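Colleague: Turn these sequences into a full structure, and let the hints guide you.
As you go down the protein sequences, you meet chains A and B in turn. Here the numbering used here is used: the first residue of the first sequence is 1, the next is one more, and so on. Here the numbering used here is used: the first residue of the second sequence is 1001, the next is one more, and so on.
No lab work stands behind these hints, which were simulated from the structure alone. Because the structure is a prediction, the values reported are computed rather than measured. Here a beta-carbon is modelled for each residue, glycine too, at the ideal position from N, C-alpha and C.
One side only, chain B facing chain A, incomplete, derived with CB under 7 Å:
| no. | residue |
| --- | --- |
| 1 | Ala-1004 |
| 2 | Arg-1014 |
| 3 | Leu-1019 |
| 4 | Leu-1022 |
| 5 | Gln-1046 |
Here are the computed lysine to any residue pairs in the SDA-like style, where the Cα-Cα straight-line distance is at most 20 Å:
| no. | chain 1 | residue 1 | chain 2 | residue 2 |
| --- | --- | --- | --- | --- |
| 6 | A | Lys-26 | B | Phe-1031 |
| 7 | B | Lys-1007 | A | Glu-185 |
| 8 | B | Lys-1007 | A | Glu-187 |
| 9 | B | Lys-1007 | A | Arg-181 |
| 10 | A | Lys-26 | B | Arg-1040 |
| 11 | B | Lys-1007 | A | Glu-169 |
| 12 | B | Lys-1007 | A | Asp-116 |
| 13 | B | Lys-1007 | A | Glu-111 |
| 14 | A | Lys-26 | B | Ala-1048 |
| 15 | B | Lys-1007 | A | Glu-154 |
| 16 | A | Lys-64 | B | Arg-1049 |
| 17 | A | Lys-64 | A | Gln-53 |
| 18 | B | Lys-1007 | A | Glu-122 |
| 19 | B | Lys-1007 | A | Ala-118 |
| 20 | B | Lys-1007 | A | Pro-110 |
| 21 | B | Lys-1007 | A | Ala-121 |
| 22 | A | Lys-26 | B | Gln-1043 |
| 23 | B | Lys-1007 | A | Arg-184 |
| 24 | A | Lys-26 | B | Ala-1044 |
| 25 | B | Lys-1007 | A | Thr-170 |
Label pairs and their in silico Cβ distance ranges:
| no. | chain 1 | residue 1 | chain 2 | residue 2 | range |
| --- | --- | --- | --- | --- | --- |
| 26 | B | Glu-1012 | A | Ala-5 | 36 to 44 Å |
| 27 | B | Glu-1032 | A | Glu-111 | 41 to 49 Å |
| 28 | B | His-1010 | A | Ser-96 | 34 to 42 Å |
| 29 | B | Ala-1044 | A | Ala-5 | 23 to 31 Å |
| 30 | B | Arg-1017 | A | Asn-88 | 28 to 36 Å |
| 31 | B | Ala-1057 | A | Arg-68 | 20 to 28 Å |
| 32 | A | Ala-4 | B | Glu-1012 | 37 to 45 Å |
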Amino acid sequence: MNTAAELAALPDEDLMLLVANGLVEKPATELFRRHNRALFNFIAWLCQGNTAQAEDIAQRAWEKLMTRCADYQPRAAFRTFLFQIARNLWLDLRRSSPESRRAEVDETRPETPSEDLAPEAELALRQNLDRVHQALLALPANQREVVVLRFFSEMSLEEIAHTVGEGFETVRSRLRYAFTRLRRELETQA
Amino acid sequence: MSQAFEKFLHGEDRLARLLCELPVYSPSAEFEAAFARAARAAQAAQGARMATQTAAAATQTESTTRPTAPGAAPCEAIASAFEPPASLEASFLKMAARIDSAQAPRREAVLTGVAKGDRKSTRLNSSH
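Modeller: Okay, structure coming up:
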């Protein structure tokens, strides 16, 4: 079971079990091929666009996956396991930085919009996507990460809850805060 | 609950569509090369670890005829996974030096008797 075609046919969880049992290079390379782009994008958003820092975290996450994989339980989804490793590395880095926890707590209680964004506002923002980009970067980290996992990693709310170690309702609440803040910020600009 | 938020959650509103149009962050080409090197190194390290364990298991098989339960890991193979603490060697050497020093008079007496022609067994027995 070594050819690229054979490995490509295996699910993530089987590849990870091969890695955990000492067959590292080829199965890990196949997992990297499948997941690194999404993982890197996730970390880069967490790092507020600092791609050098994101590369450092991604590299350490893959190294950890290849050398300390005894924690992996076959019943856990591989992608969730991988993203948790990277997220924990990011949290460690963040705790050691002086600006950690800044803007972590969102004190605002704005009313959630009941209507969709106006078509004119959408058009204006589409012509200047950098505003959307900046608005997303400006969100508190715990709101930004759930938006990224939902829309860029295409995770379900259950998967997000598992990845960030919170309950389903907490994830939903963070998404609602993020939605409200983004709408308020972008409608003001548009 | 806001219907607009529900549509956002399902990726069906204008804000969700805008978010999905944002460019993704991509790793550098060098990053992929670095991963390939790390994967090769991890495989080599794993190979070396397994070779060490296999050699330890083979040594045990040659040195004893005691049967091993099927599937049971040889004790040496398990023990080789753990390095003794550095302090253990220092403690052992200290203890050996103390015993060696305490035995010096007896050792001198034995060597003196041997030099005089006493039988070794007599000398050793007389010291007890």
